[in-house]
Structures are given as structure tokens and as C-alpha cells.
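Please build the complete structure, drawing on both the sequences and the hints.
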Amino acid sequence: MNILIVEDEYLARAELNHLLKQDSRVAHVEEADSIQDAMKIMLTQSIDITYLDIHLTDESGMELADLINEIPDPPVIIFATAYDQYALKAFEKNARDYILKPFEEKRVRASLDKAIKESESSSAKEQISKPAPDAVPVQTEDKIYMVKMSSLVMVEAMQGKVIVHEDNNQHESKGTLQFWEEKLPEETFMRVHRSYIINLDKIQAIEPWFNNTYQVTLETGIKVPVSRSYIQVFRDKVNI
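Just so you know, we're using numbering that gives the first Met the number 0 here: the sequence shown kicks off at 0 and counts up by one.
These are computed hints drawn from the structure, not numbers from a lab.
Remember, it's a predicted structure, so these values are computed and weren't measured experimentally.
Do not rely on the hints blindly, as some may be mistaken.
Stated by the list, open to error - Quick list of the computed label-pair ranges, beta carbon to beta carbon:
id : residue 1 : residue 2 : range
1  : Asn1      : Thr175    : 15 to 25 Å
2  : Trp208    : Asp65     : 38 to 48 Å
3  : Glu119    : Gln35     : 23 to 33 Å
4  : Ala134    : Trp208    : 29 to 39 Å
5  : Tyr144    : Glu185    : 17 to 27 Å
No residue lacks a Cβ here, since even glycine has one placed at the ideal position from N, Cα and C.
Written out as C-alpha cells, the structure is:
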């Protein structure tokens with residue numbers, strides 16, 4: 000299991016990190032002290048369980064929980080805090096447990112047992128039926144945007160960065176096209192070139208191009224080449 004601790008106090012992070020690593024089921028533990036750093040980790044790494052503090056510096060763990068619940072295949076949320084009065088609100092945020100400082104090894108292990116059981120149960124359900132997410136989070140330099148799948152036109156790799164194109168907007172983000180290829184539902188999105196993933200529902204026109212390839216015009220007017228290595232799969236997808 001890969002775990003993320005979101006806590007602005009170093010000693011509390013270190014204590015919880017130590018206790019979690021005593022369990023052989025824990026493969027890796029990441030740490031963050033802000034919402035932005037936490038989301039950056041969750042958007043670039045596979046996180047199974049998050050331990051969230053309620054009060055972060057000038058921020059709220061509750062706000063972060065809302066963002067996590069918008070992520071496709073979100074990690075299990077456990078609140079780890081010094082305040083017991085927020086428990087009811089925490090469970091309204093889809094939390095699976097609520098542990099109090101100072102942390103006790105027995106209580107941390109119990110929360111981990113519950114989270115792992117929940118994570119494994121969710122994984123089994125996803126293997127049977129995994130619905131496409133309604134939106135996808137995009138991390139920019141200063142904000143996290145929730146981009147609706149219905150408005151996502153194309154993802155473009157450019158000079159070590161990724162440009163996410165919407166109907167009427169675009170966002171520059173870090174990451175790789177391979178990360179986005181794995182993240183987006185293959186029923187709707189397809190990589191057609193080493194630099195482009197397109198929304199098949201946003202295709203406006205398809206033209207023959209050089210060397211028996213195609214050029215696709217998207218609804219925004221952007222023209223994208225389909226390289227030879229993707230031609231056959233593209234034809235099958237669009238029935239041509």
C-alpha cells in the first residue's frame with residue numbers, strides 16, 4: 000500500500016510515518032504539508048490511503064477531502080487530528096476512520112486494517128465495472144482545475160510539459176502523456192501521435208494525409224496528425 004500523510008507539523012508527520020512503516024503491508028509513505036503539495040503527489044503517483052490533518056497552515060483538511068473525492072479512483076481517506084469535534088463532519092466527507100493525536104500504534108494499525116479492507120474491496124468492484132469519471136484534476140503552477148471530461152478536447156505534450164485543451168480554455172501542467180493515457184477512459188480518448196491524445200467525440204473532420212495517414216480536425220479548429228503507428232487502431236475506433 001502507498002500512503003500519503005498530509006500534516007503541517009513535522010513531529011506529527013514523523014511519528015505517524017514511523018508507526019505506519021512498522022506494518023509490512025505499507026510499501027511507501029509520502030508526506031505533504033499543504034493542499035497543493037498533496038494534490039501534486041496524488042496526481043503524479045499512485046496513492047491508496049491518505050491520512051489528513053484537519054487544521055493545516057491557513058488551510059483545511061476538509062477542503063482537501065472534497066478535492067480527493069473528485070479524483071477518479073480516489074484513495075481511502077482517514078483523518079488524523081488533535082480535534083475530536085469534527086468526527087461527524089469527517090465521515091460526511093467519505094472518511095473511513097478518524098484517529099486522534101497523540102497517535103497510538105494499536106489505533107493506527109486498526110485504521111490501516113480498515114483502510115486496506117476498503118481499498119481492496121473498491122479494487123475488486125472496479126475490476127467488475129469501472130465507470131468513467133466525470134472530471135479530471137489538472138495541477139497547474141498555482142491552482143488545481145477540475146476539468147470535465149465532456150469539455151476535454153485534447154492533451155498535448157510540448158517541451159517537457161503537458162497542455163490540457165478544453166472547449167474554451169487550456170491549462171499547462173507537469174507530467175507525461177503516458178500518465179494521461181493511463182488516466183483517461185480509453186472508450187473516449189485515444190493517443191494518435193507521440194505528442195497528442197484526443198477526445199474521439201470532439202472530432203469534426205478526418206482528412207487523408209501524407210504517407211497514408213490522417214489529419215484530424217477537432218471541434219476547436221485544432222488540426223492533429225494521426226501517425227502511422229496508430230492508424231489501424233484509429234480506424235477501428237472511428238469505424239473507417
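- Check the following: the C-beta atoms of Asn1 and Thr175 are separated by a distance inside 15 to 25 Å. Once the Cβ atoms are compared, 19 Å apart, the range 15 to 25 Å for Thr175 and Asn1 holds.
- Message: Against the range 17 to 27 Å, how does the distance between the Cβ atoms of Tyr144 and Glu185 compare: consistent or not?
- Response: holds, 23 Å
- Item | Glu119 paired with Gln35, Cβ distance criterion 23 to 33 Å | Holds, at about 30 Å.
- In this structure, is the beta-carbon distance linking Ala134 and Trp208 contained in 29 to 39 Å? About 33 Å separates the Cβ atoms of Ala134 and Trp208, which means 29 to 39 Å holds.
- Query: So the hint says 38 to 48 Å: do the beta-carbon atoms of Trp208 and Asp65 match that?
  - Reply: holds, 45 Å
Checked against the numbered hints given earlier, the structure satisfies every one of them.
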